[in-house]
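Modelling step: build the complete structure from the supplied sequences, incorporating the hints.
For reference, each letter of the sequence shown is one residue, going -28 to -1, 1 to 249 in mature numbering (1 follows the signal peptide of the UniProt record, and there is no 0).
Quick caveat, the hints were computed from the structure, so don't treat them as lab data. Hints are not guaranteed to be accurate.
[Stated by the list, open to error] Below, simulated EDC-like cross-link-like pairs (lysine to aspartate or glutamate); rule was C-alpha separation at most 16 Å, straight line:
no.	residue 1	residue 2
1	Lys133	Asp19
2	Lys92	Asp25
3	Lys92	Asp30
4	Lys80	Glu115
5	Lys116	Asp30
6	Lys162	Asp77
7	Lys116	Asp40
8	Lys162	Asp40
9	Lys162	Glu130
10	Lys37	Glu130
11	Lys162	Asp15
12	Lys92	Asp40
13	Lys116	Glu81
14	Lys116	Asp77
15	Lys44	Glu93
16	Lys37	Asp142
17	Lys44	Glu140
18	Lys37	Asp19
19	Lys162	Asp30
20	Lys133	Asp40
[Stated by the list, open to error] Derived DEER-like restraints, expressed as beta-carbon distance ranges:
no.	residue 1	residue 2	range
21	Ala103	Val12	16 to 22 Å
22	Asn146	Gly43	36 to 42 Å
23	Leu18	Ala126	33 to 39 Å
24	Lys144	Pro112	43 to 49 Å
25	Pro57	Gly7	20 to 26 Å
Just so we're clear, the structure is a prediction, and the values are computed from it rather than from any experiment. Backbone N, C-alpha and C fix where the C-beta goes; we use that ideal spot for every residue, glycine too.
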Amino acid sequence: MTSFKAGRPFLGLLAFLSLLAGPAPAKAEQDETTGMMARVGFDQNLDAQIPLDLPLRDEQGRTVKIGDYLGKKPAILNLVYYRCPMLCNEVLNTLLRSMNALSFDVGKEFDVITVSIDPKETPGLAARKKASYLARYGRPGAEKGWHFLTGDQASISELAKVVGFRYEWDAKNNQYAHAAGIMIVTPQGKLSRYIYGLSYPARDLRLGLMDAAMRRIGSPIDQLLLLCYHYDPRTGRYNLAAMNVIRILGFATIGSLGTFVFVMLRRDRRKVVLEDV
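As structure tokens, then:
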């Protein structure tokens, strides 16, 4: 009993020290995760020029330049990696759903350029990923417009830097830490729009592609709709431009009144002519 009582203060000290030491690794891990999350994300580099001669590999393993997929149509650009356990698949799935809601067709009005940020991923893996998404998209000609590319670290790093895509390798979890979002690029390869997160409304995609194409695509109604919305770079969304709507409604009202007055005047003139006869 004496030995137990004598050891009790020592055991209490050990317990106290363990309480102090216990949370330290958890706090360090939390700080590391918080720091990593602060380092990944998007920097909006609107109007930045993508290097058109940037070398990458297509799904057949051929060396291509990113400029090979630009020049004629606007493009949606997204940086993912094909073995991503969750977020990249959500980005691609959300994009697919939004494109399915568009009347614009991949390969016709616009292209999609998907680039892996993992230099270890192969063209074969990219080809399988492409086949999977093309089967779900299901529109003819999309195979010529949706490109799944890979590249070496130098090319990936340069592209990520230009578009403002910040990511890190998370060795603890054996995966990349990165943000979710897509970019819209002009036919000349300039960054036109960013849409963040995991929601890409079909309306925003449509308006963004029209903006990037300098309004060379879209119906007259689309062009009118574009006047009613403006792009907010802070949110990456198109918001209703109230003043533009008021102006358009005002012009429409004036036009309607003018038409009404014109019709009434013509009717009165016909009536006068008939009475004279």
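Hint by hint, here is what the structure shows:
| no. | hint | in the structure |
| --- | --- | --- |
| 1 | Lys133 x Asp19 | holds, 14 Å |
| 2 | Lys92 x Asp25 | violated, 21 Å |
| 3 | Lys92 x Asp30 | holds, 14 Å |
| 4 | Lys80 x Glu115 | holds, 11 Å |
| 5 | Lys116 x Asp30 | holds, 12 Å |
| 6 | Lys162 x Asp77 | violated, 21 Å |
| 7 | Lys116 x Asp40 | holds, 12 Å |
| 8 | Lys162 x Asp40 | holds, 14 Å |
| 9 | Lys162 x Glu130 | holds, 15 Å |
| 10 | Lys37 x Glu130 | holds, 13 Å |
| 11 | Lys162 x Asp15 | holds, 15 Å |
| 12 | Lys92 x Asp40 | violated, 23 Å |
| 13 | Lys116 x Glu81 | holds, 12 Å |
| 14 | Lys116 x Asp77 | holds, 11 Å |
| 15 | Lys44 x Glu93 | violated, 29 Å |
| 16 | Lys37 x Asp142 | violated, 29 Å |
| 17 | Lys44 x Glu140 | violated, 33 Å |
| 18 | Lys37 x Asp19 | violated, 20 Å |
| 19 | Lys162 x Asp30 | violated, 21 Å |
| 20 | Lys133 x Asp40 | violated, 20 Å |
| 21 | Ala103 x Val12: 16 to 22 Å | violated, 29 Å |
| 22 | Asn146 x Gly43: 36 to 42 Å | holds, 39 Å |
| 23 | Leu18 x Ala126: 33 to 39 Å | violated, 25 Å |
| 24 | Lys144 x Pro112: 43 to 49 Å | holds, 45 Å |
| 25 | Pro57 x Gly7: 20 to 26 Å | holds, 22 Å |
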